[in-house]
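K.L.:
Protein sequences appear in the order of chains A and B. If you count the first sequence from 1, position 59 lands on 58 in numbering that gives the first Met the number 0, and the numbers rise without skipping. If you count the second sequence from 1, position 638 lands on 637 in numbering that gives the first Met the number 0, and the numbers rise without skipping.
Careful: at least some of the hints might be erroneous.
[To be verified] BS3-like cross-link-like pairs, simulated, lysine-lysine; straight-line CA separation at most 30 Å: (1) A:LYS64 - B:LYS766; (2) A:LYS25 - B:LYS245; (3) A:LYS16 - B:LYS245; (4) B:LYS120 - A:LYS43; (5) B:LYS227 - A:LYS16; (6) A:LYS25 - B:LYS224; (7) A:LYS64 - B:LYS760; (8) A:LYS16 - B:LYS187; (9) B:LYS249 - A:LYS68; (10) A:LYS68 - B:LYS766; (11) B:LYS760 - A:LYS2; (12) B:LYS120 - A:LYS68; (13) B:LYS128 - A:LYS68; (14) B:LYS760 - A:LYS68; (15) A:LYS2 - B:LYS245; (16) B:LYS267 - A:LYS64; (17) A:LYS2 - B:LYS428; (18) B:LYS764 - A:LYS68; (19) A:LYS2 - B:LYS249; (20) B:LYS120 - A:LYS16; (21) B:LYS428 - A:LYS68; (22) A:LYS75 - B:LYS249; (23) A:LYS16 - B:LYS224; (24) B:LYS764 - A:LYS25; (25) A:LYS43 - B:LYS245; (26) B:LYS760 - A:LYS75; (27) B:LYS120 - A:LYS25; (28) A:LYS64 - B:LYS245.
[Stated by the list, open to error] What the simulated footprint calls covered on chain A by chain B, stretch by stretch (three residues with Cβ under 8 Å from a Cβ of chain B suffice, anywhere in the stretch; the number is not a length): (29) 24-35; (30) 39-51; (31) 54-63.
Since the hints were derived computationally from the structure, they do not count as laboratory data. For glycine and all other residues, C-beta sits at the position ideal for the given N, C-alpha and C.
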Amino acid sequence: MEKTLDLFAVGNSGIVKSVSGEGQIKRRLFDMGITPGAEIYMRKAAPLGDPIEVTVRGYELTLRKAEAKCVVMEVKGQ
Amino acid sequence: MKRFALAGNPNCGKTTLFNSLTGSTAHVGNWPGVTVDKRDGVYKKLDEPVAIVDLPGIYSLSPYTPEEVIARNYILDEKPDCVINIVDATNLERNLYLSTQIMEIDVPMVIALNMMDAVEKAGDKIDEKELEKRLGVPVVKISALKETGLKELMERAFTESKKSRAGVTVLNDTALAHLIGDVKIALKGQNVENPLFHAIKLVENDSIEVEMHKETENMIDEFKKTFKDDVFGDDFEALIADRRYKYIAKNFDSVVSRKNKEKHAMTKSDKADRVLTHRIWGIPIFLLVLFGIFHLTFSEDLLFLGKIFSFPGLEDLGVDIEAFGGQLLACFYDGAVFSPGVIVNNLWNNIIVNYGLGFGEGGWLYNLIAESGMQSWAIGLINDGILAGLGSVLSFLPPILVLFLFFSILEDSGYMARIAFILDRAFRKFGLSGRAFMPMIMGFGCSVPAMINTRTLADEKERTATIRVIPFFSCGAKLPILTAIAGAIIAYFGVGNADLITYSMYLLGVVTAILTVLLMRNTTLKGETPPFIMELPAYHLPQFKNLMAHLWDKTKHFIKKAFTIILASTIVIWLLTHFSFSWQFLEEEEVNQSILAQLSMFVQPIFTPLGFGSQLGQFGWVFVVAAVAGLIAKENVIATFATLAACLVAVAHLDIGTLDIAAEEGVDAVQAMILATNITIPALISFIAFNMTTIPCFAAVGTAKAELQGGKRYGGTLIFWLATSYIVSCMVFTVGSWWWTAFIWAAAIAVVVTAIVVKNKKQNKAKA
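With the hints as extra help, turn the sequences into a complete structure.
P.N.:
This is the structure we're talking about:
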C-alpha cells in the first residue's frame, strides 16, 4: 500500500518509493538519507502533533508533516 | 606549516577531536550546528607542528546553507594539505554520504572512524581494512573523547599530505559515469581545477557551479539529453544522491557486523526520549527545567525550604556577621539556604573581590589608595572610578557563568535539540522553525555566540528576524540590571518579590520577541516558513572536560572585556562626570556641571514618556547616562550607578543612612538613585525594559553587522531596536502608572494589526 510519510501512525514502517517537493527541501531530504529504497520507521510525533520523529539509516531524524508529505512510502505489513 | 582541515557531519565529534588535537578550548556542543565558522589550532606531536582547521559540521556539499558553502569553499580554494573526514562510526551510513563527496575533490584525505569506543561497547565490529580497500582512502579508528588512535590518525594524515590524490567517485553507474566523464574531460580541457568535483556538481545542477561555469551550460545540456533514467527522469540532483546511498548501502553490510540484529531495539537514549519528549509531559518538563535553571541560579531560598520551615536568620542565631567567619557563613545561609548560583556569587563577591582583592569600600586596596597621599582627584579616579567599576563588573561573573553552565549541560546532553523538536509547532505559528529556538535560548547566555549560531538557519529572512530578537532574550550581562533594580524596589518600597520581578522581565523580553517576530514576518520580512529537517543526536552525559572548556572560554572572554572596553568606559564616564566643559576638575558637589550631566540633561526630555526623563528633576540625567553607558556594554549600567551614586551623595546631600553604594550587586546604589530622583516603580521597571530591548552592547552590534553583512538590513536592525525599546518601555511606564492607558494601547495595537491583515489580504488577492 502506498502512503505519504505524514500519514504514518507511530510504529509504522515502510520503504521510500519517491520524493517530491521543491529544490531545497528535496535536496535536504536526500542529504539526510531519505532516498528511494531507504527504510523509515515512524517513532513518534512531538507533543503538539508536529513535527514527527523517524528512524532512517540507523539514526533519528525529525521533520515536519509538511515535509513528510513529500515522501511517498510503500507501507510494510504490520 | 602544513594545514589539515577537519570536515564531517554535525555532531560527529569533530570539535571534540579539534580540542583533543590542539588542546584548545573551542566551543563544543551536542546539537547539530555548534561550529558555524572555521577555527584554527596547532597540533604539536608530530615531527613538525601542523595547523588544524575546524570546519563547520555539514551533511553534504550542497549549496543551500552558509555552512556548507564555507566548508566547500575552504577545501576547494584554500587547498588544505589533507582533509581529515571525521565519520561517526555509530552512524556510518549517513556519515559516509559526505565522504563520497569529499572524495571527489583532488585533495589528500583520511577518514577518521570516530566514536569507536561506543561501537565496541555496543558489541559491534567495523572492518576498517575492508572499508579502506573499498573506498580507496586511508581509514583510522579513533575515539576523540578517549583520545585513542589520534597519533596514528595524524601520522597517516601526514604521510598522505606528502602525496597528491586525484578525486575518485563512487558514481559508477555506467551511464551516469559516462556523462560525468564527458563533462570532466571538457572541464579539464579548460584547465579547471578539481574537474571531477565540478563535473559532478554541474551535472547535479548545483546553483553555485552553474553560475561559475556559465559557458559550459549548453554543452552539459547537450550531454544530458543523451541520458535517461526510468525513475528520476532528468532530476540529476536526486539521481546522484540516490546513487551515493545505493553505493554505501551495497558496500556497508560486509564492513559492519552488528551484535544486536534487532532494528528498533530500545537504547537508553530512547528510554530518556520516551519521558522527555512525551506527548503530554514533554512541554511541562521543559518548562520545569527552565524554571529549575533560573531557580538554581538566582533563588535565595533553595527549594523554598526557608518558606516551608521558617528557619531563623543569622542574626537571630547570634552570629557575628561582621567577623570573617560570619561573612563566610552568610554566603551560604540567611534564614534560608541559598541556591548554588547565589552561593557562588556571594563567595566570589564578598570573599574574593572584597576581601581578597580589596576593591570595596574598606577593602585593603581601597584603604591603601585612600591613605596614599595622592591628589584627591587621583584617589577618586582610582577608588570610585576604576575599582568601583571593576568591582561591579567582576561581580557579574558568577551569575553569567552559572547560567552558562546550565545551558552547556542542556546543549551537551542533547536535550536542546529535543526542545527544538517539542517547540517547532509553536514556533511555526510565528513564521520560524524550531531551529531558531537554539540561537534564541543561547541569547540568554550571550547574544554574540547566539547571533553567530543563526547561520544554521538556511532562510535569510528567518535569520534576520532571529538576529534582531536575540537581544530580547536577556543575556547574562543584563541580569545585574534586573537584580540590582528589583532588589532596590523591594528594599526601598518594601513591595514585590525579586524572583517574580526577574521572571516577569525575562518573560516580557520573550513576549516582545514573539510579537516583533510576528510583526516582521508579516510586514518587512515576509516569506514562507523555512523547512525543519534535523537530526536528533543520541543523549549522552555531558563531559566534564567539555563543560569546563565552555566555562573557561566564557570567563576568558568576559575578563578580557572587563579589563579592556568596560574598564576604559568606566574611566571615561568617571572623567566626564568629574570634569566640566572647561576641563575643570569638579568636586563631588558640582557633578551637575559635568560634561556628561550637561549632555544628558539636553537629551533627558526624550525619555519623559518612558518615566525617566524630565519628571525626575535635576538628577534625572543619571538614568540617561546609565542607559547610554549600557550601549558600550550592559554591565556598565549598574557600574555607572555605583560611580554616579558616590557623586550624588555629595551633591544632593542625600541621607543614605546605612546604604553602602559601593556594595556588590548595586542594590544600594540604585536606592541612592531613587532617593535622589524620586523615580517611581513603573519608571524603574520601564528603565529595565528599555535596557533589555534597546540596542545591545558594542560586541553584539558588531556581530549583528557582520552577520547581516551590513547594509540596509543592519541599519533597519538598529532602528528596529531603538523603536522597540522606546515603545515597550513607554507602554510599561504608562500602563504601570495609569492602568486605564492599557485600553489606549490595546486600541492602538488593534488598529495596527487590522491594517496589516487588511493590507496582506489585498496583496494576496492581487497576487492571485
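K.L.:
Just to be careful, I want the Cα atoms of B:LYS249 and A:LYS68 compared with a cutoff of 30 Å; is the pair within it?
P.N.:
Satisfied, since the Cα-Cα distance of roughly 28 Å is no more than 30 Å.
K.L.:
For the pair supplied as a hint, A:LYS25 and B:LYS245, is the alpha-carbon distance within the 30 Å limit?
P.N.:
Holds, at about 17 Å.
K.L.:
Taking beta carbons only, do three or more residues of the segment 54-63 of chain A come closer than 8 Å to chain B?
P.N.:
Per the Cβ count (9), the hint holds.
K.L.:
So if I understand the rule, the pair passes when the alpha-carbon distance is 30 Å or less; does A:LYS64 with B:LYS766 pass?
P.N.:
27 Å, holds
K.L.:
Given the hint that B:LYS760 pairs with A:LYS68, test it: the Cα-Cα distance must not exceed 30 Å.
P.N.:
27 Å, holds
K.L.:
Quickly compare the C-alpha distance for A:LYS64 and B:LYS760 to 30 Å and report which way the hint goes.
P.N.:
This hinted pair holds, its Cα atoms lying about 26 Å apart.
K.L.:
Take a quick look at whether A:LYS2 and B:LYS428 sit within 30 Å of each other, Cα to Cα.
P.N.:
27 Å, holds
K.L.:
Given the hinted pair B:LYS120 and A:LYS16, is their Cα-Cα distance within 30 Å?
P.N.:
The given pair, whose Cα atoms are some 35 Å apart, is violated under the 30 Å limit.
K.L.:
Hinted pair, alpha-carbon criterion (30 Å max): A:LYS25, B:LYS224. Please report holds or violated.
P.N.:
23 Å, holds
K.L.:
Given the hint that A:LYS64 pairs with B:LYS245, does the C-alpha gap stay at or below 30 Å?
P.N.:
26 Å, holds
K.L.:
Verify the proposed pairing of A:LYS2 with B:LYS249, using a straight-line Cα cut of 30 Å.
P.N.:
26 Å, holds
K.L.:
Hint check: A:LYS75 vs B:LYS249, CA-CA at most 30 Å. Holds or violated?
P.N.:
21 Å, holds
Of the numbered hints stated above, those contradicted by the structure are hints 8, 11, 12, 13, 20, 26, 27, listed in ascending order.
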